[in-house]
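Here the protein sequences line up with chains A and U, keeping their order. Quick note: the first sequence, position 183, residue 183 per the numbering used here, numbers continuous. Quick note: the second sequence, position 36, residue 36 per the numbering used here, numbers continuous.
Worth double-checking, as some hints may not be accurate.
What follows is a set of in silico ranges between Cβ atoms, one per label pair, in the way DEER data are often shown [as the list claims (entries may be wrong)]: (1) A:A330 with U:T65: 32 to 40 Å; (2) U:I155 with A:T48: 20 to 28 Å; (3) A:M184 with U:K80: 34 to 42 Å.
The set of hints was computed from the structure by calculation and includes no laboratory data. Even for Gly, the Cβ is constructed at its ideal location relative to N, Cα and C.
One letter stands for each residue in the lines below.
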Amino acid sequence: MAEKILMKGNEAIAISAIRNGVDGYFGYPITPQSEVMETLMKEKPWETTGMVVLQAESETSSINMLYGGASCGKKVMTSSSSPGVSLMCEGISYIAGAELPCVVVDVMRGGPGLGTIQPSQSDYNQIVKGGGHGDYHNIVIAPASAQDMYDFVDWGFELAFKYRNPVVVLADGIIGQMMEKVEMHPMKPRRTAEEILRDAPWAVTGKPASRERHIITSLSLDADIQEQFNIKLKEKYAMIEANEVRFSEYMTGDAEYIFVAFGCSSRICEAVVDELRAEGIKAGLLRPITLYPFPSGEIARLAAQAKSMMSIELNLGQMVHDVRLAVNGACPVGFYGRQGGNIYTPEEIVAEFKKFNGLA
Amino acid sequence: MKEEIIIAGFGGQGVLSMGKILAYSGIMQDLEVTWMPSYGPEMRGGTANVCVILSDKKIGSPIVTKYDTAVILNQQSLDKFEKTVKPGGWLIYDPSGITRHPERKDINICSINAIEGAARTGNSKVYNMVVLGALLKVNPLVTLENVEKGLGKCIPARYSSLIPLNKAAIEDGMEHAEIINRA
Chain A
1 MAEKILMKGN
11 EAIAISAIRN
21 GVDGYFGYPI
31 TPQSEVMETL
41 MKEKPWETTG
51 MVVLQAESET
61 SSINMLYGGA
71 SCGKKVMTSS
81 SSPGVSLMCE
91 GISYIAGAEL
101 PCVVVDVMRG
111 GPGLGTIQPS
121 QSDYNQIVKG
131 GGHGDYHNIV
141 IAPASAQDMY
151 DFVDWGFELA
161 FKYRNPVVVL
171 ADGIIGQMME
181 KVEMHPMKPR
191 RTAEEILRDA
201 PWAVTGKPAS
211 RERHIITSLS
221 LDADIQEQFN
231 IKLKEKYAMI
241 EANEVRFSEY
251 MTGDAEYIFV
261 AFGCSSRICE
271 AVVDELRAEG
281 IKAGLLRPIT
291 LYPFPSGEIA
301 RLAAQAKSMM
311 SIELNLGQMV
321 HDVRLAVNGA
331 CPVGFYGRQG
341 GNIYTPEEIV
351 AEFKKFNGLA
Chain U
1 MKEEIIIAGF
11 GGQGVLSMGK
21 ILAYSGIMQD
31 LEVTWMPSYG
41 PEMRGGTANV
51 CVILSDKKIG
61 SPIVTKYDTA
71 VILNQQSLDK
81 FEKTVKPGGW
91 LIYDPSGITR
101 HPERKDINIC
111 SINAIEGAAR
121 TGNSKVYNMV
131 VLGALLKVNP
141 LVTLENVEKG
151 LGKCIPARYS
161 SLIPLNKAAI
171 EDGMEHAEII
181 NRA
């Protein structure tokens, strides 16, 4: 059996990067995710796997280092928290426009502005709806445990290379700072030059006489060519929406009341469901694991059996709009949230649930 | 079995590392564990606390408001957490520096003077292990054998010579834990 190690979500990201053959990490420290780079610096993977770890002078710089590394077909990643990710958004748009794979970890904190350093989910709109300019999507995956943090690095790169698209691991301060046991999977070596040619035939790897040059760019001065590219992106997003939706459910089988929550909030809502079930109220939880693509189909299916749904988020109400679109009027949709880095307790959510459903 | 524990005191008392050792001991006992620290600005020169949950089932919410056991190492934490202990639960506290002692009669209370314990053991840095010893004496959540394994996981290999000292501190805490109220 694989060894189980007690570690923070942030540490799990770092260890997973080393063990899954990542070629380069470029970052800039910010609470609550500084342990990612701290752990990488402590582990010194450049001495073992050859992985590059570099503290850039800013987040703008680190995302453009990803742009460069990804252009060469390398597995490159960064991590930051809300204000730092805002600085990266221009670069993420360029990477989406150049159709390059990379993984960005965002351990959200309270905002807007410099905000607080405590946990928040207030960057749902920013990350799920794009963040940078232009018609594009990030693939967004939302971990809810330290094990997820470990597993989602590898899954993130799988998706990023499959679709040549940036993947954002959208976590929060709780998932980053909490320690849980993490099971290690066998090491994956970094890709060889031959494997990069095979897996990323589009990469700029030095042009031999035998092929045309590869050009990586997000610039097109011809409106018709740009439009064709936008339509090609749309087809790619349709494929992602058809193939990559992931969610998990807790006690939804006979549920009359459905909670929708992601990340740390889904953990807290499990306790809410347990409490309500103990009172004889048939509650259940849907946890979107992919935020883009969003599990709209499953939410619509559950809406048909539900008396009501409630979206629980550490923000002023962002994902609730996607829930409402999916429910499409089939049942009432409520919302409860806390902001600024404050976290709801299960008891608080139970009380708000009863108020919304007239059960108090 | 599910035990929700809050450990709270000043930064520097070893609150977070005591929680980590307890959590790792839980893993050695095949339990599910979460370790959730306060990492807000209050950590910087002020109070620190960590919530550790040990359970034989998958743990849902890592955030709780009522605790089965509270380990309290300063006055601010006593003021904040005494009321959060579930009736019949345990409050373990260090009376040094405490001006208002715990008053509840519906919880079990154990006192441990861990400064004296650490002095007896000969190293002030094992203060938190004396406290852990008192906790394990009155509420044996994990076996001593698994605590020793947990210590081995938490202490870097180059400092493994310090494990006997930590063990001695735990034993001192077990010996000097004083039960002052029974619910």
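Status of the hints after comparison with the structure:
1. Distance hint for A:A330 and U:T65: a CB-CB separation of about 34 Å, consistent with the stated range 32 to 40 Å.
2. For U:I155 and A:T48, the Cβ-Cβ distance of about 23 Å falls inside the hinted range of 20 to 28 Å, so the restraint holds.
3. Under the hint 34 to 42 Å, the C-beta atoms of A:M184 and U:K80, about 37 Å apart, fit the expected range.
The structure fails none of the hints (numbered hints given earlier).
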